[in-house]
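Residue numbers (our numbering), protein chains in the order written: chain A, -19 to 350; chain B, 50 to 430.
Hint data in this document are derived by calculation from the structure and do not stem from the laboratory. We put the beta carbon where it would ideally sit given N, CA and C, even for glycine. Wrong hints could be hidden among the right ones.
To be verified - To list a few chain B residues with every Cβ distance to chain A over 10 Å, as calculated: (1) Glu63; (2) Ser123; (3) Gly153; (4) Ala325; (5) Ala336; (6) Arg344; (7) Arg376; (8) Thr412.
As the list claims (entries may be wrong) - Using C-beta positions, here's what the derived DEER-type ranges look like: (9) Leu263(B) - Gln244(A): 49 to 57 Å; (10) Val348(A) - Asp405(B): 30 to 38 Å; (11) Met(-4)(A) - Asp417(B): 50 to 58 Å; (12) Gly229(B) - Ala245(A): 44 to 52 Å; (13) Arg212(B) - Met(-4)(A): 46 to 54 Å; (14) Asp232(A) - Pro234(B): 47 to 55 Å; (15) Gly184(A) - Gly117(B): 58 to 66 Å; (16) Arg179(B) - Ile308(A): 54 to 62 Å; (17) Ala114(B) - Asp148(A): 17 to 25 Å.
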Amino acid sequence: MTCERPVPVLGSDYEMLRSTLRGLADDLAEVDPAAPLDPSVLKQLAARDLLSDDGADPPDVEWLAWLVLFEELGPSPVGAGLLARVALGAVMTHLLGGGSAGAAELRYAALSGETGLALAIQEPGPRWARGEHATRAAGGSAPRLSGTKRAVAQASTADVLVVVAADDVGTHLYAVDRGAQGLTVVEAPTIDASLAVSAVHLDGAPARRLSEVDLADGPLVRALSFARLAIAAMCVGSAWRALGLAVDYLQDRRQFGTTLREFQAVSHRCGRSRIRLEQMRALTTRAALEGAHGDWPALPHSAAMARVFCGDGYASVTAEAMRAEGAIGITWENALALHYRRAHWLRELLGGRALERRLLLEEAIRLVPG
Amino acid sequence: MYRFPPYLADRHHEVREHVRAWAAAHPDPSPADFARGGLVAPGWPPPWGLDAGVGGQLVVRHELAAAGLTAPLSEIEVNWAGAAILRFGSDRQRARYLWPLLEGEERWCRLHSEPDAGSDLAMIATRAERTTGGYRISGQKIWTFGATSANFGALLARTSGARGDPDGVSYFIVPMQSPGVTIVPIKDLGGASAVSEVFFDDVELPADNLIGELGAGLRIRRPNDPVPTVPFNAGFGAGHDPAVFRLLDLAEGDDVPGSFADTILDLYVESQSIDALAILDAEEEHATGTASVQRADIRRWLTQEFRRAVLEFVHDVRAEGESLDRRAAVERLDQLGIAGTIFRAAVATVPNGGSDIHLETVTARLFDSGSAVLTAWAGER
């Protein structure tokens, strides 16, 4: 791609990481996006030491490194797998597990590729997003889960489901093994085959508890912030690709005796997208910096805002790129078709656009100074 | 933004402590107090400023706001005329002009645009003829903001070459009371007269009033380089946050129409993205020593378009607020003095070349094409 890419902002360590990840993304360019995530990809990530493992309380992650990772690998054919298995699966288990041995074991297994993890957090209706989960755990030391989870990414191929559920002492994280009694996974229709989601029905399914502290005391919002940021970063990186495809096309394609870029009606579509991309990058970076500096009161709102803006931004940049390319932009074989489906699909994760916007507005109103 | 990043304040703790100590010592500060405290132009070197970078300047703005204070800031004085004299002026010019400018004792205007040289300043026709003692100015400027109240103007005038030659334009200091200067206010669609035409009929200037080198005017008049001055429209007190907060007041409640709440949320996120761009500037400066030039173009477009959108929406909001019986919220909005000023929306995207210029600059960079606009506005050749 000849299109200008983001300039360095985070310092040399992160630019080295970015450069490494771009190399990895090039190596992975021919991977079948529908294939399961290759453990060798995970080994290369593990070698980068991306998950901090210092037993920090609360458990933490390298926020800025993950931002760069999802910007660079999010658009690659392994992007959807990394989002589902690593970000939503392993990292959220890490952040929700509160440093417990059970959560750590699952995380290691997930990051080595031995175990496919899927996170079940979303439920029908908006209450789960406010931390109120209708899925219940009962039975004390031998807990059983009952309830319905929605839009669980890659649940149908997961070995272990990690489920957020309410119990007698609060909200906790539970693990349910594939094939457990009382567990039904029903794949939902999708417009992005590489990121299939399912409804998960639990009817007294045997489970084990992973978390020690109540998730309501911080882990839940922190983990959701991470997930939103990962999605936002994936949107940023992907939108850059989509814009770059259009820019390259307009530099090559000739009509009326000149390249299409000479026509401002077309090129300014790309200029507007470039502006939007900088806004997307600013909002995601602000949130990641808050995570990196442990600014927990600020992070949830910033991450939610980044996700909402970047979800719409990716969809809009892609749509503008398609319009800039004209008829060729709408063909199946054009890479923009994948971006279009991906962009609209990413907006649906974690409760979807309408719910996310409603929650964001509520929080904005709450934060207004008097 | 109402929640300033604590890590940024910690990173620039010397600046923070300086502002706090100054605020404690000046419970009721005069404009001169702000200036002598280095708070009008914190990005300038001492003795005028604090040598603060982008992050430090954001901390200054935040600390002042936290103390309930607003520095008497003026984009034209500090970031344009003052920055040009600071960087390119002589020692005598700096000694004569900078303190009164920062203290607000002497106001300035920009004498840049002409009837046939609007965004394209290389087309300037106003002439500065060499005389024995200096220069004689003849010609006309237009769209001059603040001309009627200014003591001085920063004037672009042609000293050589034909119209269209960017290297024949020089930069001068003009006392606005000089014989031969005639100011004719232009009434705008709202009935106000913020801008004027300014005519020069053989106005005599001493040679000393040339800023920098002959023919360097179009390079000199560009501010912010290399002094990293936070633009006044960089968020953090740019004046749009209060409007957005009052809009959020109106968005509360189940009876608010969805489309209405949608627009308010969009405006809120837009305003937040402008603040986040400043955070990105500060971080980039921290990591690499300098902030992105491209982001400056992007911010200019965003802030102008955002202001237009807010003002248009505020106009719509008053009627909606009445019908929803949100009188209190509407009154708080009115207190900001922006209700009933729909005509300002029309003006918002006009200054500083106009927002379309900035979109063209952003686009030209994206396609790496040799746009004339990019050359003129970004100084790239």
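**Report entry** Distal placement of Ala325(B) relative to chain A, Cβ over 10 Å
**Finding:** With a cut-off of 10 Å, Ala325(B) comes too close to chain A, as the shortest Cβ separation is near 4 Å.
**Report entry** Beta-carbon spacing of Leu263(B) to Gln244(A) - inside the hinted bounds 49 to 57 Å or not
**Finding:** violated, 36 Å
Report task. Hey, is Thr412(B) genuinely clear of chain A, shortest beta carbon separation above 10 Å? Result -> violated, 3 Å
**Report entry** Whether Gly153(B) stays farther than 10 Å from all C-beta atoms of chain A, as the label says
**Finding:** Given that every Cβ of chain A is farther than 10 Å from that of Gly153(B), nearest at about 28 Å, it holds.
Report task. Using the Cβ atoms, figure out if Asp232(A) sits within 47 to 55 Å of Pro234(B). Result -> With Cβ atoms ~52 Å apart, the hint holds.
Query - Range hint 17 to 25 Å (beta carbons of Ala114(B) and Asp148(A)) holds or violated - result: At 47 Å between Cβs, range violated.
Query - 10 Å Cβ clearance of Glu63(B) from chain A - result: holds, 19 Å
Query raised in the report: Was Ala336(B) rightly flagged as not at the interface, with every chain A Cβ beyond 10 Å?
Result: violated, 4 Å
Query raised in the report: That 46 to 54 Å hint for Arg212(B) and Met(-4)(A) (C-beta), does it hold up?
Result: Given a distance of about 50 Å, which is inside 46 to 54 Å, the answer is holds.
Report task. Say whether it holds or is violated: Arg376(B) keeps its Cβ farther than 10 Å from all Cβ of chain A. Result -> Non-interface label stands for Arg376(B): nearest chain A Cβ at 18 Å, farther than 10 Å.
Query raised in the report: Taking the CB of Gly229(B) and the CB of Ala245(A), does the distance hold inside 44 to 52 Å?
Result: holds, 46 Å
Requested in this report: Classify the label on Ser123(B) as holds or violated, using whether its beta-carbon is more than 10 Å from each beta-carbon of chain A.
Outcome: holds, 26 Å
Violated hints, in rising order: 4, 5, 6, 8, 9, 11, 17; the structure is consistent with all others.
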